[in-house]
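Q: All letters in the sequence shown, in the order written, are residues 41 to 227 by our numbering.
Some hints here could point you the wrong way.
Think about it this way: if two alpha-carbon atoms lie no more than 20 Å apart in a straight line, the pair counts; the simulated EDC-like pairs of lysine to aspartate or glutamate are [to be verified]:
#, residue 1, residue 2
1, 140, 175
2, 92, 129
3, 92, 175
4, 189, 129
5, 92, 72
6, 140, 214
7, 189, 222
8, 226, 164
9, 67, 99
10, 189, 149
11, 226, 129
12, 226, 175
13, 140, 72
Rather than coming from a laboratory, the hints here were simulated on the basis of the structure.
As the structure is a computational prediction, the values presented were derived from the model and not from experiment.
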Amino acid sequence: MFRQQIRNFISTTTGATWAVANVGTMKSSGYEVGVAWNRSVWRSGLAVASAKPQLNGYDLGDEAYGLGVSTGRSWNLNLGYRIPAWNLDLEWFGRFVESKTSTEYLISEGRTATKRKPGFGVHDIYVNWQPYGNDRVRVTFGARNLLNKFYYDQGSYAYYVSTAGAISGRGFAEPGRNVRLDVTWKF
């Protein structure tokens, strides 16, 4: 659990010119909890994290570049299996973020806006092989975003909402499926 407070928070503001200004008080509270289990060749884990950053009583928006943004609760799961006879390690990771609807204060416009950031789930798999049974040589095959999900991470900047309520920017979408083969040799 954590709680943080910054009085006289300084941020950039926009308008006719860019300026640095004292924009108020930032408060953030939240938690991160995780458990892990390891038995013989199987292992698993579960973690959950949530933070509620606020600026002047409103959810922290995308314009507070120095502090981050408001996001939904995040769930992380993993499941692994070792095959000792083959020096092989198989791993699955899942990251699931709940949708987030928040009222944010737009520093540059001096108004609030309600934003909805959709939730998403992403799956990654990894296979690690140590041909000599130690860390000297390691071959890793990995596929991130295995199901090729198109999504915007809620932590992306530039997720703006216009006065009319239309989304005018979304930042950059996260990469699609990302397949890698790494060979690591320590000498």
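Q: Each hint should be assessed against the structure and marked as holding or not.
A: Each hint tested on the structure:
1. Pair hint residue 140 plus residue 175 does not hold up; C-alpha atoms about 42 Å apart against a cutoff of 20 Å.
2. About 37 Å separates the Cα atoms of residue 92 and residue 129, which puts this hinted pair outside 20 Å; it is violated.
3. Only pairs whose Cα atoms come within 20 Å are accepted, and residue 92 paired with residue 175 is rejected, the gap being roughly 40 Å.
4. The straight-line distance between the Cα atoms of residue 189 and residue 129 is roughly 25 Å, outside the 20 Å bound, and the hint therefore fails.
5. A C-alpha spacing of about 12 Å is found between residue 92 and residue 72, which places the hinted pair at or below 20 Å, so the restraint holds.
6. Of the pairs offered as hints, the one joining residue 140 and residue 214 holds, with about 18 Å between alpha carbons and a cut-off of 20 Å not exceeded.
7. Note on residue 189 and residue 222: the hinted pairing is violated, with a Cα-Cα distance of about 23 Å set against a maximum of 20 Å.
8. Of the pairs offered as hints, the one joining residue 226 and residue 164 is violated, with about 26 Å between alpha carbons and a cut-off of 20 Å exceeded.
9. Restraint check for residue 67 and residue 99: satisfied, since their Cα atoms lie roughly 10 Å apart, inside the 20 Å limit.
10. The hinted pair formed by residue 189 and residue 149 fails the criterion: a straight-line CA distance of about 33 Å is larger than 20 Å.
11. For the proposed pair residue 226 and residue 129, the alpha carbon gap of about 19 Å is at most 20 Å, so the pair holds.
12. Simply put, residue 226 and residue 175 have alpha-carbon atoms about 7 Å apart, close enough for the 20 Å limit, and the pair holds.
13. With a C-alpha separation of about 18 Å, the suggested pairing of residue 140 with residue 72 holds against the 20 Å cut-off.
Checked against the numbered hints above, the structure violates hints 1, 2, 3, 4, 7, 8, 10; every other hint is satisfied.
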